[in-house]
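Undergrad: Kindly produce the complete structure, drawing on both the sequences and the hints.
For reference, the chains in residue letters:
There are 2 protein chains.
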Amino acid sequence: MKQSQLFTKTQKETPTGEVSTNAQYLIRAGFVSKELAGAYAFLPLGLRVINKISNIIREEMDAVGGQELLMTALQEKETWEKTGRWSDEVVDNWFKTSLKNGNEVGLGFSHEEPLAKLMKSYISSYKDLPIYVYQIQTKFRNESRAKSGLMRGREFFMKDFYSFSRGKVEHEIFYEKMKDVYMKVFDRLGMKDKTYLTISSGGSFSKYSYEFQTVSDAGEDIIYIIDENNKVAINKDDFNQEVLADFGLDVKEKDLPTKKSIEVGDIYSLGHKYSKAFNLTYKDEEGKEELVYMGSYGMSPSRLMGAVVELNNDEKGMIWPKTVAPFDIHLIAIDGGDQSIVERAESLYEVLQKQGFEVLYDNRSEKTAGEKLNDADLIGIPLRIIISKKTLAEDSVEVKERKGGEAVLIKINDLNNYLEKNVQ
Amino acid sequence: MKQSQLFTKTQKETPTGEVSTNAQYLIRAGFVSKELAGAYAFLPLGLRVINKISNIIREEMDAVGGQELLMTALQEKETWEKTGRWSDEVVDNWFKTSLKNGNEVGLGFSHEEPLAKLMKSYISSYKDLPIYVYQIQTKFRNESRAKSGLMRGREFFMKDFYSFSRGKVEHEIFYEKMKDVYMKVFDRLGMKDKTYLTISSGGSFSKYSYEFQTVSDAGEDIIYIIDENNKVAINKDDFNQEVLADFGLDVKEKDLPTKKSIEVGDIYSLGHKYSKAFNLTYKDEEGKEELVYMGSYGMSPSRLMGAVVELNNDEKGMIWPKTVAPFDIHLIAIDGGDQSIVERAESLYEVLQKQGFEVLYDNRSEKTAGEKLNDADLIGIPLRIIISKKTLAEDSVEVKERKGGEAVLIKINDLNNYLEKNVQ
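If you read the protein sequences in the order shown, they are chains A and B.
Going by my numbering, the first sequence wraps up at 618, each residue one higher than the last.
Going by my numbering, the second sequence wraps up at 618, each residue one higher than the last.
These are calculated hints, taken from the structure and not from any lab test.
It cannot be assumed that every hint is accurate.
Note that the list lumps identical chains together, so a pair holds whenever it fits in one copy or between two copies.
EDC-like cross-link-like pairs, simulated, lysine to aspartate or glutamate; straight-line CA separation at most 20 Å [as the list claims (entries may be wrong)]:
id, residue 1, residue 2
1, K290, E270
2, K594, D571
3, K228, E298
4, K341, E270
5, K206, D322
6, K290, E337
7, K430, D411
8, K341, D415
9, K401, E595
10, K548, E484
11, K584, E262
12, K228, E270
13, K203, D322
14, K378, D478
15, K196, E253
16, K548, D256
17, K467, E366
TA: Written out as structure tokens, the structure is:
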């Protein structure tokens, strides 16, 4: 894409009211725009990133047999009353509104109930199971505070995956598999090394669940590191002698390192809680009616986008991992109005695109070299290629990785080789 | 995809409370599920169709320079008060709710206001214009009646495109171009021949706007056909002597054929209405401050999906056009438990997928041939390939188009040639 055609512009000033690094940089670079606290519009650069993150998640969910669907945001009261979760005392972050006929409806903060209800149409026999479904959907949660930019939203993207199994054993095998699947996603986002499988209180059905916590000073959580090698931790909120006993851990609180962290995913064994409420059953091999055993697996693409920025930035701006960068290459023409340089830049832009690279081409004639380089640092595309009078004098371009290292002159004829080795 | 792994099943019974053909067939075939009137979940087959429709629209919007973004559903009261559209007397289909601090928020039914507000950060000079942006987003409208299935929703997909131009002349040129772009989309959806550019009352700024109306008995609108060759009509609601005079039409009401139709798109010249409310201006070549001239262009992927079903069905089920079908080919094994036929079918399934075809492979061992064929007719994939003992006796498969025509035996060795000619 030509940068002259991109409608967004960078801004130097830190946006007012934003305390988080991710929101500050994402707004300054024109990736997002705040509509209200906790609700951000995704502008073209930001939408490219969120789509890449979503597609990575999609690939991994498809790989374990997940079938994608899309539930509605609007939710009927009757559905949620079956589990008691319609009550504002049980769920304190509902957004509720009403239809013209006065019927109350809520905006889905999660989708266990409507999915248990839906599956009644499709599950009757053990032969129908297991079923794995997921959606990547806009969720609404009426958070009282929303100050961490994309990391805690009132309106945000959620990937929520649900498993329907023939019992605890089948469930547990899949649940274990999902731990690896989640780590695979974090690996592709470049955050695996900082992410801990974290023991947490279980929610509504089982005694324990697991969170995935990524160490960062921007996090709202605190974890005790139990096992650095295997990356296991306990959420400080849930740390007590009982947990230690249940997991057979012989450690002392004072010896455990604590770290601030961002919750980047969670997985729950839901057991029969929802299937019981909706009488979601199947006939087993002997014709006996059994309740379906459920699990749910959450992960927010928009929170992950915020987390990626928190983990990858410096004083100049963002530093996107290759896998989720809005473009592979930021091509910058420093032409000083020299038409022959413009032509060489244009032609390089065409060639790079034909080779399959996603290129943001800074062809803005009214910007100085300094302005262009500052913008490139702020936007944070992994590889910067400068074409200028100076580089062309040596039949070269200047190539530099955003994450650091030297700028190097590469002969234009050798560029292809270089890129094949260094991009993707 | 193997049909044995698809969690949805077809149902024979017409779902209760659904009067529209599109909802009846889409629910029976497992494409969608009704959450509440006017709000449908998209199940795997339905999500594939909606994504294909959305991607066709995306390609055409990108082709005229549209930049995709994604605004928020949650909308602040203050933003909409600037144009008076917060009032329930002006806009009668708001869903409204409130934040924990008591601030009212609405769910966006359209996005002129937040976009005019957003663009103030990015438009200052004539050099910044024109700008074209669009989103494919979930919209919420509190409709008092919602009975046309996917065609009138309380929660639905909308593609809304907005143009920001340097004045009326620049706007008009683009506005004319968008008429063709819209027709191109309808052409790709196989509905161009039945779609009329329809004169309608102008909305808030200009005297007239245009709708695109597709002739169908399932439609809620009635149009007068003005020009059959050029496919021009007038919406009956807006038909009067003044319109005829304004468009220089020398016709008599009694001579004009009327037809029922579905509104499949609308385009508006918004002029300065929104830019004035937000003081969205640019400096022209002489440094003079001018208001930006806006246009908006709507089209709903989910309504289009409903319309496609209304236009393409028979008493057995749906008949998807190739461009938006959930799969290219429905491969059906009639094996009667014969493992050698199963193996041939599996291997054909693999080969077809490797050739790039999207294949739904009915490998369900517990279904009879009749059940499989009925399901295939209901689901409506354009091309059906049957592999059975009978066909294999002649080294062949039986190929039949869903839209009609004879079933033909094709030698397996010739299948590739046939498909290259007949699929996509």
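Undergrad: Could you run down the list of hints and mark each one as holding or not?
TA: Here is how each hint holds up against the structure:
1. With identical chains, the CA atoms of K290 and E270 are at most 20 Å apart both within one copy (10 Å) and between copies (16 Å).
2. With identical chains, the CA atoms of K594 and D571 are at most 20 Å apart within one copy only, with a shortest distance of 11 Å there and 57 Å across copies.
3. Taking the closest pair of Cα atoms, K228 and E298 come within 20 Å of each other only across two copies (17 Å); inside a single copy the shortest separation is 29 Å, beyond that limit.
4. Within a single copy, K341 and E270 get their C-alpha atoms only as close as 30 Å, which misses the 20 Å cut-off; across copies the closest is 17 Å, which meets it.
5. Taking CA atoms no more than 20 Å apart as the test, K206 paired with D322 passes between copies only; the shortest distance there is 19 Å, against 57 Å inside one copy.
6. Taking the shortest alpha-carbon separations for K290 and E337, both the intra-copy value of 13 Å and the inter-copy value of 17 Å come in at or below 20 Å.
7. Only within a single protomer do K430 and D411 lie at most 20 Å apart by alpha-carbon distance; the minimum there is 15 Å, versus 63 Å between protomers.
8. For a Cα distance limit of 20 Å, the shortest separation of K341 from D415 inside one copy, 14 Å, qualifies, whereas the shortest one across copies, 47 Å, does not.
9. Taking the shortest alpha-carbon separations for K401 and E595, neither the intra-copy value of 47 Å nor the inter-copy value of 55 Å comes in at or below 20 Å.
10. With identical chains, the CA atoms of K548 and E484 are never at most 20 Å apart, being 57 Å at best within one copy and 40 Å at best between copies.
11. Neither within a single protomer nor between protomers do K584 and E262 lie at most 20 Å apart by alpha-carbon distance, with minima of 51 Å and 36 Å respectively.
12. Taking the shortest Cα distances, K228 and E270 sit within 20 Å of each other only across copies (11 Å), while inside one copy they are farther apart (29 Å).
13. With identical chains, the CA atoms of K203 and D322 are at most 20 Å apart between copies only, with a shortest distance of 10 Å across copies and 52 Å within one.
14. Taking the shortest Cα distances, K378 and D478 never come within 20 Å of each other, neither inside one copy (34 Å) nor across copies (52 Å).
15. Only between protomers do K196 and E253 lie at most 20 Å apart by alpha-carbon distance; the minimum there is 18 Å, versus 29 Å within a single protomer.
16. Only between protomers do K548 and D256 lie at most 20 Å apart by alpha-carbon distance; the minimum there is 18 Å, versus 29 Å within a single protomer.
17. In the homo-oligomer, the alpha carbons of K467 and E366 lie at most 20 Å apart inside one protomer (16 Å), although the nearest pairing across protomers, at 59 Å, exceeds that limit.
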